Amino acid sequence: MVNTIVTVVITLIFSFTLFGQLILSLLRITIESFKLAGGVLLMVLAIDMLGGTVRTKTIDTEQIAIVPLANPLLVGSGTMTTLIFLTNTQSLINVLLGGLIAALLVYLVLRYSNNIAIIIGKNGILLGSRLMSVILAAVASNMIYEALRAWGIAK
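Everything in the sequence shown is counted per this note's numbering, starting at 17 for the first residue and increasing by one.
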């Protein structure tokens with residue numbers, strides 16, 4: 017499953033770095049619309065994580081590797097928006113190299129997640145999960161706010 021997750025992460029990073037702006041342009045989607053949609057989806061995920069709610073009745077381990085782990089949790093709309101922005105301000109090779117380094121770190125954390133879980137224990141996992149839910153909600157709120165501010169709805 018780790019290999020599947022990292023492969024999808026690398027594919028998404030490369031795809032959005034190379035073709036993200038083109039995809040959004042072809043679909044006539046603005047960065048602000050992408051931020052708002054991603055922010056709403058992330059907020060739903062954060063609330064689900066915080067409440068322990070599961071929206072699916074069955075769990076397919078191959079599917080969970082892609083949704084929600086690889087996308088949107090590891091490479092979501094915030095990452096995609098950032099990649100599109102960076103390709104306009106940084107050299108393409110630097111953006112791709114940064115993406116590969118991030119994917120390597122994802123691999124290492126996932127590869128050794130059992131060892132990490134043993135070290136921090138059940139309470140540490142629960143605490144980390146709750147903390148990450150709040151952080152995810154804050155990221156989602158920020159994405160929603162930035163979209164609304166760009167449209168002149170918020171100050």
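Derived by calculation from the structure, the hints in this document are not laboratory data.
On a predicted model such as this, the values are computed, not experimentally measured, just so you know.
Misleading hints may appear alongside valid ones.
[Said to hold, decoys possible] Derived Cβ-Cβ restraints for the label pairs, each shown as a range:
id: 1; residue 1: Leu57; residue 2: Val18; range: 36 to 46 Å
id: 2; residue 1: Asn131; residue 2: Ala170; range: 21 to 31 Å
id: 3; residue 1: Ile136; residue 2: Gly168; range: 42 to 52 Å
id: 4; residue 1: Leu164; residue 2: Leu43; range: 16 to 26 Å
id: 5; residue 1: Leu43; residue 2: Leu89; range: 37 to 47 Å
id: 6; residue 1: Ile169; residue 2: Ile109; range: 30 to 40 Å
id: 7; residue 1: Tyr161; residue 2: Asn130; range: 32 to 42 Å
id: 8; residue 1: Leu57; residue 2: Leu142; range: 34 to 44 Å
id: 9; residue 1: Ser49; residue 2: Ile136; range: 14 to 24 Å
Ideal Cβ positions, reconstructed from N, Cα and C, are used throughout, including at glycine.
Now for the hints, and whether the structure bears them out:
1. A C-beta distance of roughly 24 Å is found between Leu57 and Val18, which places it outside the suggested range of 36 to 46 Å.
2. A hinted range of 21 to 31 Å is violated for the C-beta pair Asn131 and Ala170, which are about 44 Å apart.
3. Hint check: Ile136 to Gly168, Cβ distance near 45 Å, so the stated range 42 to 52 Å holds.
4. At about 21 Å, the beta-carbon gap between Leu164 and Leu43 stays in the expected band of 16 to 26 Å.
5. Between Leu43 and Leu89 the C-beta distance comes to about 23 Å, which lies outside the given range of 37 to 47 Å.
6. Here the CB-CB span from Ile169 to Ile109 is close to 37 Å, well matched to the stated 30 to 40 Å.
7. The hint said 32 to 42 Å for the Cβ distance between Tyr161 and Asn130, and at roughly 37 Å that hint holds.
8. Distance hint check: the CB atoms of Leu57 and Leu142 are about 24 Å apart, inconsistent with the given range 34 to 44 Å.
9. In this structure the hint that Ser49 and Ile136 lie 14 to 24 Å apart at CB is violated, the actual value being about 38 Å.
Hint compliance for this structure: hints 1, 2, 5, 8 and 9 are broken, all remaining hints hold.
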